[in-house]
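Colleague: Single-letter residue listing:
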Amino acid sequence: MSKRIAASFRDPSGFMFEHKGVIYRQINKSYQADYDTLMESGLYERLTRAGAMIAHEEVDAALAPIPKLAYKVVKPDPIDFISYPYEWCFGQLREAALLTLAIAKRSLEFGMSLKDASAYNVQYFNGRAVLIDTLSFEIYREGEPWTAYRQFCQHFLAPLALMVYRDVRLSQLMRVNIDGIPLDLASALLPNKTRFRFGLLTHIHMHAKSQKRYAGQMVDKDAIKVKMNRMALIGLLESLETTVKSLKAKMVNTGWTDYYQDNNYSEDAFQAKKQVISAFLARIKPNFVWDLGANTGEFSRLASDQGIRTVAFDIDPGAVTQNYKQVKAKREKNILPLVMDLTNPSPSLGWHHQERSSLAARGPVDAILALALAHHLAIANNVPLLDIANFFKDLGSYLIIEFVPKTDSQVKRLLTTREDIFPDYTQSGFETAFCQAYKILESKAVVGSERVLYLMERGIG
Amino acid sequence: MHIHFLLKPLTYLDPGTGSFIIQMLMAGLLGGAVAVRIYWKKIVAWFKRKKPGEFEDADPTAIPDELD
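Residue numbers (our numbering), protein chains in the order written: chain A, 1 to 461; chain B, 1 to 68.
Hints in this document: simulated from the structure, not taken from any laboratory. Hints should not be assumed to be uniformly reliable.
Which chain B residues face chain A? A few, computed with CB under 7 Å, are given here [said to hold, decoys possible]:
#, residue
1, 20
2, 22
3, 23
4, 27
5, 44
6, 45
7, 58
For clarity, every value in this text was computed on a predicted model and none was experimentally measured. Ideal Cβ placement from N, Cα and C applies to all residues, glycine included.
This is chain A alone, in the form it adopts within the complex (with noise of 0.2 Å):
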């Protein structure tokens, strides 16, 4: 039984759909000639090559859920984990964007125009931004302009600007509006300054105003005479793109990127810590972990350096860009930092809530590392245990988590500026409330520190 992923209804040349848990493209054939000539032109071989592209095979048509209108069947190559553009930190949205222009330009050179440069296209595999969308082209007809000038400037010109100029936080209007921010409201949250430069006054201020000016218009296309012509388009791409590279985001000390180096134990408890996750990593052998409070991704990489496929969340945009920082200077694979607020995760968004999924639709996942994260959530954010150790039971089979008592210096900051009102918050209060959602396999104090270490397995209890 074939199933179109909900997500993929609005480009006419084709959906995906699973059949047997994997996924598939249908291309319709209204889309022959563009996919013909992509893959005939050359294109697909430098872009899929460059890494900058998701490879394919075609496979069998007769896989095709629709088949009057199909022409084709492909299989992408599989991304283990989907993220959107409000989890991604300024370089990640930064790296997309230009990702975008590149293969913009570039397809011109081989006969084509990228038609959409919607930031849902693009995702995070192996360390870089790929584009994940096989449909995305068209044969270039020249004198058009660019069908995706505005996708991309509310995709991204306008989250990028705003979290340079106003507030690196402004990136969470993506997840309000679905197809990118509004050009009227970035234009209206922009400071003045921003009208004196030349990109962001044209793609995004004067363009609003013309938005605003011709809507409800319909241009009579035949009747102009001025055309794009292709020298015309390569400016403006390379306008856009002299202005993405021209944004680059002013590092805020938000107060956990300090974290490590910040706080009461020692080098020696550290390692301590190390080892113990490593080894209880090593018994349960997960092929994906999500790292959940992994500030700048220094224990969840004693998973990704192992193979181990690691996803590492965390709520401080600061931390995630040095994380990613990291990822991209060491060439790092297997690690995906993302910004993800835990108390109030990435929900399903969009047409039929399914557009978009939410952090949970998108796991479980093998294992779970929660480490210094539970005293946060109980003592911070007020959540019962038995309550974070459902939601961990739902992210993941397994657990690997940290219990930091009330003794320990970071426990007792959080409790300097409020009542202690979580009797209950105690090793073995914790222990109660876990062994209703899971079993515990092992636990290991953190030598040279009062914390403690558990592996546990879900399900049982």
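Given the coordinates of chain A, assemble chain B onto it according to the supplied hints.
Modeller: Okay, now just chain B, sitting in the frame of chain A:
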């Protein structure tokens, strides 16, 4: 160019028209800029060697060295 003569009323609001028009308005300017940039690059290239870019600004569609 007299844009107004080329427009017909549309029954629904479509921000695409404005996006289309601003590109057309900028077309000459941007095309000219590319031509200037190409010549300028050639002039600059005479005087200095290219600095290696930051990792993130490398061309993502370039074939990696190990495959070339």
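Colleague: All hints, please: hold or fail.
Modeller: Right, here's what the structure says about each hint:
1. A hinted interface residue such as residue 20 of chain B counts as satisfied when its beta carbon comes closer than 7 Å to some beta carbon of chain A; here the least separation is about 6 Å, so the hint holds.
2. Given the 7 Å rule on beta carbons, the hint for residue 22 of chain B holds: about 4 Å separates it from the nearest Cβ of chain A.
3. For residue 23 of chain B, the interface hint holds, since its Cβ comes within 7 Å of a Cβ in chain A; the closest pair sits about 4 Å apart.
4. Evaluation of the residue 27 of chain B hint against chain A yields a held restraint, the C-beta minimum of about 4 Å falling below 7 Å.
5. Checking residue 44 of chain B against chain A by beta carbon gives a least distance of about 15 Å; that is not within 7 Å, so the hint is violated.
6. With a least beta-carbon distance of about 17 Å to chain A, the hint placing residue 45 of chain B at the interface is violated under the 7 Å criterion.
7. Annotation: interface hint on residue 58 of chain B violated; nearest CB of chain A at approximately 9 Å, more than 7 Å.
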